[in-house]
Amino acid sequence: MSSVCSGREALLALALLVGSSAESAAQGYRGWASTSLQVVELRPLGADTVPRSDVLTDAQGRFLYQGLEVSCVLTTVCTGYLPLDDAHVFAATQDVGVTIWGLGVQGLSFTAHARARAHAGGNDLVWPRADDAFDAITAYAQLQRGAIRIRAGRMDIQSGLGFSAFDGASASYARGALRGGVYAGRSLARGLREPAKEAFQALDDFFLDHSVLLFGASVSGRLSGTSATGRYQRELLWDRSSLVSERGSLDVSTTRGRFRLRGALDYDFAREQVGKGELTWSMPLQESRWLVELSARRYVPYFDLSTLWGFFEPISYSEVTARLGWSRTLDLAAWISGGRRTYGDTETTVVLQPMRDVGWRSEAGARWRPAARWTLDGEYHLEWGPGGFLSSADAAARYTVTTRITASLSALTFQQIEEYRLGQGRAFGGSASVDVAWNETTSFGAGASLIRHRDGGNVFTSPWSQSRAWATLRFDIGRDPGLARPEAAR
Amino acid sequence: MSARRALFGVLLSTAVAGGVGAWAASVRGLQEQPFPHRDHQGLFPLCTGCHEGVPLGNEADYYPEPASCSGCHDGVREERVTWQGPGERVGNVVYEHRPHDVALTDAGDPPLECASCHIPAGGERMAVADSVQLGTCWGCHAHTASEHQVDADCASCHLPLARTAFDSVRIAALPLPSDHASAAFLPLDHGTLVRADATKCATCHTQERCVACHVDATIVEIVSFPAAPPSMDLPSATAHYNEPASHTEGDWLLGHGGQASRAECATCHTSNDCTSCHVQPQPDVLATLPDRNEVLAPGVHVAATTPASHESLFFIEAHPTLAAAGDASCSTCHAEAFCTSCHDAPQGGGYHPRDFLSRHTAAAFGRDAECSTCHSTQVFCRTCHTQVGLVGTGRLGPGYHDDGPVWLLRHGQAARQNLESCASCHRQVDCTQCHSVLGAFKVSPHTTGFDAARAWAQSPRTCLACHAGNPLTGN
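Here the protein sequences line up with chains A and B, keeping their order.
Just so you know, the first sequence maps onto residues 1 to 490 in the numbering used here.
Just so you know, the second sequence maps onto residues 1 to 475 in the numbering used here.
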């Protein structure tokens, strides 16, 4: 598997770097290992057939099976999406992370985070990326000398332009409140840690036939309560025959007395158009007992030039959101929010029934700690707009048995309409879990959740029923002597 | 001045030497066991009868031999006594009788009488007090100090504490100058006073008192301060750390790095205080501060505090922009692993709640959660959707989208509104079947403002996929 090779290459490169160090005996190391096991059972949806004789035709000429529209191209059978039989999978994920330093060169360290996946029994298709056996999440060497930091290997950057991972090098300079950096390397598909060429190849007929080169630069500054970061990032095919993306972003946050303002804006240089943006103003009142927030937001999907999607020219929506929070103490808090979004003109021909171009969201929640060991949370979410609807409620109770053991119970119910697909019935469910910090270096967690869907007898309804159980075990080894407390506790 | 008066003064000053003078050289005094002078006033007409060495500066003859008492106290004429002579007595007054008298004589001034210092005003002859009368010094040495313990030049009359034999009780009983009670004295004034005249401070303090609070015990003001001898019994000292006013200002935490220096911070803080919050890269000032294990003072123990912004009920919604704007601020306290512990958690359930999967549809469709920030929706979403059956088949029938009539004729509007959702299930060839030059209907996917020339210049291969490629394969 190509991604396996890629990950192993990255780890091999790191091993070579470590091995070539002047002194092999590290002064220190810190590592962790996490094993996660999951059992999942759900009902996949699949295209299936129904006899043409069971399908009715309404006055508008639609083919309906049990009230839902199906496609009848042939005269004997019609097709629609039907829930398939229950499927289950037993999946395991193993993560290992390590940082070592003190290899004879001041400021030199090596960091790696690798993930392995395996599954046993059942239908492996119901577990995402179950066929991707190995990923090198990060694997880089770092040299930190005073204000300068240099990295080489596989790394990622989280920024106003999103999550960018690449195999390459980066350099940053930090002095006081000023920080700047540059980076370059082979781009990896977002969230996948695989070269875009390989990640896309398996899923689409249009795929990149070259690796993608990424480079970017950023500068951050902070002055009297105001922080700002500007970033520029460009991707192009390795042979430089085509541009893949060229974007910039500006993120600002400022505090003036009680007022806080934060804003973000990105710009697509390739298409010469403004991308996503957000401006939020917040103000605490009555010694922070109340908090008022008003947000204006613009969202437009972003697709790079390597696919056709962006050439279909998705439109943006604008949203205004108001939030109000109240907290008497940290033990009692409640909040409510509401937002309205409007979509721009799609420049499409509208036939029969135009799509809705307005959406709404609202949310209310509360947190209460009636006693030192108890935390109760409740939340209700309502959203409706073009193509989707959701009404869901959650309640959760968390009990601290001892300082090392916590137990949680949760319950939920929801009703939703997926992308322009009718949904019927309501789902109910709950979960129970326990987390145990065995000692300073070992922790364990386990739980199970169950969601049952009452579909009202409509076989075409998307099956939301599912059962899950999980268990995780984590070991921490060593600690950074420069940290006053274990990083995991932060 | 009469000769008699002068003699009397000399004698009296000799007597005082028992309490103060002899000690001046050896830092010891007398009268651990006070002599009952008044009981003997009829017997000894002159002070020098017993203290003949005082006016001569002969320390060996400052006091009579205890055995001389038995001349009278022989058990017959008078009962026996146990007076053993002057014992050790601590004191810190700088006074030597002989040089003092010489100085007076040289100046043409009359010598002091013993009673001037050793007998309270109006007291009878031989009503010798246990301690020197405080006002007697500046009866002559009138200084401009408005308050003796605050403004006077201490070293003129007093030894540094480090050179005394004071014990902890005696030190603790030293009077507190009035300026020490000021609220500004500890945080602001005392450093200035030390730098102006450390000898004044040394009258009542030793270096150990500085080190009890000061983390930066190696600064010159402290190093040059007289240290107590190892045998000295010092009272225990409690460290006082007054929080500077600057630290309570609203945005101080955000800007404190710009002011941080050894000079500004090291009085109270060790490097451990920095590392209680800061992770790599650690601030430069850290290297200049001592480690907590290397100093005697407890120092201020800083605990990592949550910034006010984090206390907001809506911090989760705010943190992406805050992090993007102030990357340096986040990385002050958070290592990169902190982000991935939620965003890329091995067991999931970090960033999204555990039951998010079953309800992610609406959140994804409305893009409340901007999925593409972390996920490549075309791959990540579609991989999973494919596996659970939510996948486009390329068919033109209603199929999955069944909430309204004639989906095919309406899908364009839906696609422009939520193209990320389309791409999370459909392949590109599902679209190019119709939306390509060689496709079934040749429906242009572009709007009226589409800049074809720029698109061609930037990514010709993508243009060719529709304009020259096979609409069913894209190749």
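A hint or two may mislead.
Some chain B residues close to chain A (C-beta under 10 Å, calculated; not the full set) [claimed, not checked]: (1) Thr105; (2) Cys137; (3) Ser156; (4) Ser182; (5) Phe185; (6) Leu186; (7) Pro283; (8) Asn293; (9) Glu311; (10) Ala318; (11) Thr340; (12) Ala364; (13) Phe365; (14) Leu438; (15) Arg461.
Away from chain B, derived, C-beta distances all over 12 Å, residues of chain A [claimed, not checked]: (16) Pro83; (17) Ala120; (18) Gln158; (19) Gly168; (20) Arg179; (21) Ser211; (22) Leu213; (23) Leu223; (24) Ala334; (25) Trp360; (26) Ala371; (27) Thr375; (28) Leu376; (29) Thr402; (30) Gly429.
Interface residues of chain A toward chain B, partial, derived using beta-carbon atoms under 10 Å [claimed, not checked]: (31) Ala87; (32) Gly97; (33) Leu237; (34) Ser253; (35) Thr255; (36) Thr307; (37) Ile315; (38) Val320; (39) Thr321.
Treat the hints as calculated values from the structure; they're not laboratory data.
Ideal Cβ placement from N, Cα and C applies to all residues, glycine included.
* To do: Just pull the numbers of the violated hints for me, sorted ascending.
  => 1, 2, 3, 4, 5, 6, 8, 14, 16, 18, 20, 23, 24, 25, 30, 38
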